[in-house]
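Protein chains in written order, with our numbering: chain D, 1 to 644; chain X, 1 to 424.
Accuracy of the hints is not assured; some may be wrong.
Listed next, the stretches of chain D that the computed footprint assigns to chain X, with coverage defined by at least 3 CB atoms under 8 angstroms from CB atoms of chain X [what the hints assert, rightly or not]:
1. 161-174
2. 279-288
Here are a few chain X residues that face chain D, going by a calculated C-beta distance under 8 angstroms [what the hints assert, rightly or not]:
3. Leu175
4. Pro184
5. Phe194
6. Arg197
7. Val208
8. Gly211
9. Glu218
Which stretches of chain D does chain X cover? Using the computed rule of at least three CB atoms under 8 angstroms from a CB of chain X, they are [as the list claims (entries may be wrong)]:
10. 365-375
11. 507-516
12. 552-566
Just so you know, the hints here were simulated from the structure itself, not pulled from any lab data.
For every residue, glycine included, the Cβ atom is placed at its ideal position computed from N, Cα and C.
Listed below are the residues making up each chain.
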Amino acid sequence: MTNTKFLPGVVTMLFTCMAVAAAFAESFPYEAAGLTERRAAAHLLDRFAYGPRPGDIDQVVEMGLEAWLAAQLSGAVDDSSFEKLAAGLDSRSMKLEEMLETFPPPAQVFREAQRAGVISRDSGLPGKGGDNDAERREVRRSLMGYFQEKGYRPQRELIAQMTAHKVFQAVVSEHQLEAVLTDFWFNHFNVSLTDNQSRPFVAAYERDAIAPGVLGSFHDMLVETAAHPAMLTYLDNFQSTANEGVRTTLEAGAPFGPPRGRRRARMRADRPQRARPQGLNENYARELLELHTLGVDGGYSQEDVVEVARAFSGWGVVPFGPQAADAQRQIARVRSVGADLGFVVRESFIFRADVHDAETKTVLGHDLEAGRGIDDGLEVLDILASHPSTAAHVARKLAVRFVSDEPPQGVIDRLAATYLESGGQIAELIRTLAYSPEFWAQDARGQKIKSPFELAVSAVRALGASVVDPADLIDWVSRMGQPLYTYQAPTGYPDRALSWVNTGSLLTRMNFGLGLATGRVMGVELDLAALNDDREPESLSEALEVYAGLLLPERELTSTLEQLYPVIHDPKIGECVAEAAPEEGSAPPRARGRYGQLRPPEDFPMLAGRRRREALRELASSTPPSPLANVVGVILGSPEFQRR
Amino acid sequence: MINRRSFLKAGGLSVVSLGSMAGGPAFLTRAAFAAPEPAGGRRKVLVSIFQRGAMDGLMAVPPLEEERLLRKYRPRLSMPGARSGGDERAIDLGNGFGLHPGFGSLRPLWSDGRLAIVHQVGSPDPTRSHFDAQDYMESGTPGRKGTATGWLNRVSGLLGHEASPFRSVAMTPALPRAFYGDHPAVALERLEDFQVRLPGALGASSVVGQGFEALYAEASQDLLRDTGGDTFDAVKLLAELDLDTYQPVLGAQYPRSPLGESLRQVAQLVKADVGLELAFTETGGWDTHVQQGTTNGTFSRRVEDLSRSISAFWTDLGQHRSNVVVTTMTEFGRTVRENGAAGTDHGHGSCLFVLGDEVAGGRVHGSFESLDEDALYQGRDLPVTTDFRSVFAQLAHTHLGVGDTDSIFPGWQGRPTKSLFRRT
Numbered sequence: 001m002t003n004t005k006f007l008p009g010v011v012t013m014l015f016t017c018m019a020v021a022a023a024f025a026e027s028f029p030y031e032a033a034g035l036t037e038r039r040a041a042a043h044l045l046d047r048f049a050y051g052p053r054p055g056d057i058d059q060v061v062e063m064g065l066e067a068w069l070a071a072q073l074s075g076a077v078d079d080s081s082f083e084k085l086a087a088g089l090d091s092r093s094m095k096l097e098e099m100l101e102t103f104p105p106p107a108q109v110f111r112e113a114q115r116a117g118v119i120s121r122d123s124g125l126p127g128k129g130g131d132n133d134a135e136r137r138e139v140r141r142s143l144m145g146y147f148q149e150k151g152y153r154p155q156r157e158l159i160a161q162m163t164a165h166k167v168f169q170a171v172v173s174e175h176q177l178e179a180v181l182t183d184f185w186f187n188h189f190n191v192s193l194t195d196n197q198s199r200p201f202v203a204a205y206e207r208d209a210i211a212p213g214v215l216g217s218f219h220d221m222l223v224e225t226a227a228h229p230a231m232l233t234y235l236d237n238f239q240s241t242a243n244e245g246v247r248t249t250l251e252a253g254a255p256f257g258p259p260r261g262r263r264r265a266r267m268r269a270d271r272p273q274r275a276r277p278q279g280l281n282e283n284y285a286r287e288l289l290e291l292h293t294l295g296v297d298g299g300y301s302q303e304d305v306v307e308v309a310r311a312f313s314g315w316g317v318v319p320f321g322p323q324a325a326d327a328q329r330q331i332a333r334v335r336s337v338g339a340d341l342g343f344v345v346r347e348s349f350i351f352r353a354d355v356h357d358a359e360t361k362t363v364l365g366h367d368l369e370a371g372r373g374i375d376d377g378l379e380v381l382d383i384l385a386s387h388p389s390t391a392a393h394v395a396r397k398l399a400v401r402f403v404s405d406e407p408p409q410g411v412i413d414r415l416a417a418t419y420l421e422s423g424g425q426i427a428e429l430i431r432t433l434a435y436s437p438e439f440w441a442q443d444a445r446g447q448k449i450k451s452p453f454e455l456a457v458s459a460v461r462a463l464g465a466s467v468v469d470p471a472d473l474i475d476w477v478s479r480m481g482q483p484l485y486t487y488q489a490p491t492g493y494p495d496r497a498l499s500w501v502n503t504g505s506l507l508t509r510m511n512f513g514l515g516l517a518t519g520r521v522m523g524v525e526l527d528l529a530a531l532n533d534d535r536e537p538e539s540l541s542e543a544l545e546v547y548a549g550l551l552l553p554e555r556e557l558t559s560t561l562e563q564l565y566p567v568i569h570d571p572k573i574g575e576c577v578a579e580a581a582p583e584e585g586s587a588p589p590r591a592r593g594r595y596g597q598l599r600p601p602e603d604f605p606m607l608a609g610r611r612r613r614e615a616l617r618e619l620a621s622s623t624p625p626s627p628l629a630n631v632v633g634v635i636l637g638s639p640e641f642q643r644r
Numbered sequence: 001m002i003n004r005r006s007f008l009k010a011g012g013l014s015v016v017s018l019g020s021m022a023g024g025p026a027f028l029t030r031a032a033f034a035a036p037e038p039a040g041g042r043r044k045v046l047v048s049i050f051q052r053g054a055m056d057g058l059m060a061v062p063p064l065e066e067e068r069l070l071r072k073y074r075p076r077l078s079m080p081g082a083r084s085g086g087d088e089r090a091i092d093l094g095n096g097f098g099l100h101p102g103f104g105s106l107r108p109l110w111s112d113g114r115l116a117i118v119h120q121v122g123s124p125d126p127t128r129s130h131f132d133a134q135d136y137m138e139s140g141t142p143g144r145k146g147t148a149t150g151w152l153n154r155v156s157g158l159l160g161h162e163a164s165p166f167r168s169v170a171m172t173p174a175l176p177r178a179f180y181g182d183h184p185a186v187a188l189e190r191l192e193d194f195q196v197r198l199p200g201a202l203g204a205s206s207v208v209g210q211g212f213e214a215l216y217a218e219a220s221q222d223l224l225r226d227t228g229g230d231t232f233d234a235v236k237l238l239a240e241l242d243l244d245t246y247q248p249v250l251g252a253q254y255p256r257s258p259l260g261e262s263l264r265q266v267a268q269l270v271k272a273d274v275g276l277e278l279a280f281t282e283t284g285g286w287d288t289h290v291q292q293g294t295t296n297g298t299f300s301r302r303v304e305d306l307s308r309s310i311s312a313f314w315t316d317l318g319q320h321r322s323n324v325v326v327t328t329m330t331e332f333g334r335t336v337r338e339n340g341a342a343g344t345d346h347g348h349g350s351c352l353f354v355l356g357d358e359v360a361g362g363r364v365h366g367s368f369e370s371l372d373e374d375a376l377y378q379g380r381d382l383p384v385t386t387d388f389r390s391v392f393a394q395l396a397h398t399h400l401g402v403g404d405t406d407s408i409f410p411g412w413q414g415r416p417t418k419s420l421f422r423r424t
């Protein structure tokens, strides 16, 4: 590593946070929007947190809204209960290389096991076209044995730990703003588990390239995402090499060239052929300009796309798995020459001087001189991060997330100005939002439809419930239309009500509300009585009023209540509930620990989900819910609870 | 979003009330009161079946006249030609091509002239990554990953008449890439999931459902109000279907496989006239790197499932067949040569099937280059002589009446496959 710029901007980040904390003297302009302090606190928690838990509004008011946000921006919060939970997720503390060794891709283990003679060369991967059950079971058993023998764990466990972490963080962490922004920036720099090649890296990507910088500078996050194997594979840059006949940074020697001769023949026979380097691949360059920085109308041309692709040629991934040893030998060979020859290796990132196009380039009017290496790409990121179009694009996305689906131009312009003045400091942008009248305006409050993830998490928080095992909750989030970490397109999930609300997903939202309140979301423990200090409401009407107030604090509820009264008073509900009265001592379903335990190493999430659902369906008809649970379920499924 | 409700007000709701009073098959009654029809006739349905994993088009539809070369390239993976005797052979289609015997149940539809094959079809993009190739085929923009919407969603936006909540339905656990976009689409694993469920007290569910309905009818936000209305209208439509007791007609027997189940439910939706126009299903297991087999084995089982599912679906559709076209698709083909594990690796061109009353069936469309080594793509794969967009564009144009190819496939300069239908 020779380039000092190529390090996270930890120093700048600390600096900014201190400056931000000192600058919250003035109060937020919510009074002008006709808001009481408590309503303003609720709005703040709806936007910069995953909704209020019982008691949260009191706490924010007591602390002062400005002080609360300052603490969120500086990270000065005690987060020990979340840290304790997260500590159980051991992959979180593994370096990327260790993750890859511990949770190898199923296909890789399969090939290894074949080579080791543990399973026959004639077996297919279990789960792939396996119609022969006995044979498949046999292969699976042998594979399980091989996993244990080698100390491997299934890749899906790594993914389960990542999604569990996301849920725990959103539900429990006191550092709510960081949780919200991690979700936002991951979506901005989207990668997807649906991509086989990217999949092993996604957990490390969020942890290493996104989360540390969500309150830092946009530029630093841009660099981290550009150089991360998850992005390099997802948008194919790892295959992008200088076109034929173009001079490379390292003209002689090709330590990582495509395998030749016998080795290549072996690869052909053993496994799917990778596309061989075919020159430039423009996918990353195009999305970098269109989605990550300038925006689609940001003023760049197709020539710019090509020039940017040339600048990033050679940004690749160090091979892992069976080719790791080979790769490390070759890296060592380069190093033994004495100089780095222009190669740069950082964890699994490699800049390959041997395939980087080293001729002159012109990007957005800036000339990049010939003969350089990794600096080409880094300079492009500098140019892009400081470009006014990037400021406007990022400003708009933030305004859409935090103000409304169609934010007023005024707040976008203000954010863009802050971006340019602060050099893209994200904490400054959040601060500008909180001081914007548009953020507090009547036509912004309650106007964002919660994403399925926001709905699920905010419901759990509002109930003061705890998540023991997030698997079923995550399954619900998928069915409501937001399977986590698997949005296939690099655009990320569209951040608009229209894309979350359609007939199928709305129905699932209502069923989620009913299921959660009645204890049918496995792994979530709740105590509805405790929520009201164990005071039993004297009637259904009172239950409705009390719990609507608890779950939707500081909202205008008159009309919601009016519409809910007839629903809960319908005699048929009472009858049916009485019919299915609970037997004494029947306990609600309990969660089993699901993440973190060894499961069969087959990659078959669809079936697993279906089987689980069938089991749940059986459970659902066994124990009847209490009338109070029905009331709460109806509140959680109501239109008002879908908004933030 | 605008006016989606009026569709159901005009069609769906009256259907519910009439459906329950009428005798005989409910769908016959419904047909008379169906939703406002698109200009020029009845609502058409396109059923897309994505074969994930890349089907070996050369084994599905082998060029029998190149038997000698086939035996050379794939000594363990070539079926005896039609001229040799016995069951273990390809079905001779009489035009130089054979059909894998697992497709036997589709054979009558070929002979009828309803089933067409397009050979050497695929993407111009050279990628051999499942992920990339599926992504491109569903976004409809090979080589461009950033396209936000899917091609079927764009078609949905161009249909030009009112959409029902069931216009676009994917029988998949998550919304497929082809349906990404602004126009509503529903992903369902089973139709039974489409109801309000009060756990433990199913009898009360309808009451709660009605309660929710009233609640959403009064919602202050337009989107929640309209979608809520659509949702409950749709729930009522489905509730009329008696999902549990559905019996396929005309002796149709669906395989008890995920694909068979999916298509059975698509048939229910088609017959119920709930406004379905774009259906999407998928089938896995086509990535046959190891022990692909010929007339027995992995590939053969996949083919049989596909073929029996489609033929059962077609039978079950009965009189609705004239409104339905089924198309298969797969992300790429496989190597012409077999590999060391008696399987095939990722290739380029493959083939696909199109089924419909007006389809110019009984023919292999597209041009088939010879299997000479020089004619192979990169010396190893079937070339792509028909861009998949040519086929999809023709389906959209002739079957669905959407001719704005530039909007469906932005940036594509090619031409639709005109020969695919008997009328254009």
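The hints, checked one at a time:
1. 161-174: Our answer is that it is violated, as 0 residues pass the Cβ test (under 8 angstroms) against chain X, missing three.
2. 279-288: Answer holds; 3 residues pass the 8 angstroms Cβ test.
3. Leu175: X/Leu175 check passes; min Cβ-Cβ to chain D is 7 angstroms, inside 8 angstroms.
4. Pro184: Since the shortest Cβ distance to chain D is 4 angstroms, the answer is holds.
5. Phe194: Holds, about 6 angstroms.
6. Arg197: Holds, because the Cβ-Cβ distance from X/Arg197 to chain D comes to roughly 5 angstroms (cut-off 8 angstroms).
7. Val208: 7 angstroms, holds
8. Gly211: 3 angstroms, holds
9. Glu218: Status holds, d = 5 angstroms.
10. 365-375: violated (count 0)
11. 507-516: holds (count 6)
12. 552-566: This one holds; 5 residues, not fewer than the three required, reach chain X with a Cβ under 8 angstroms.
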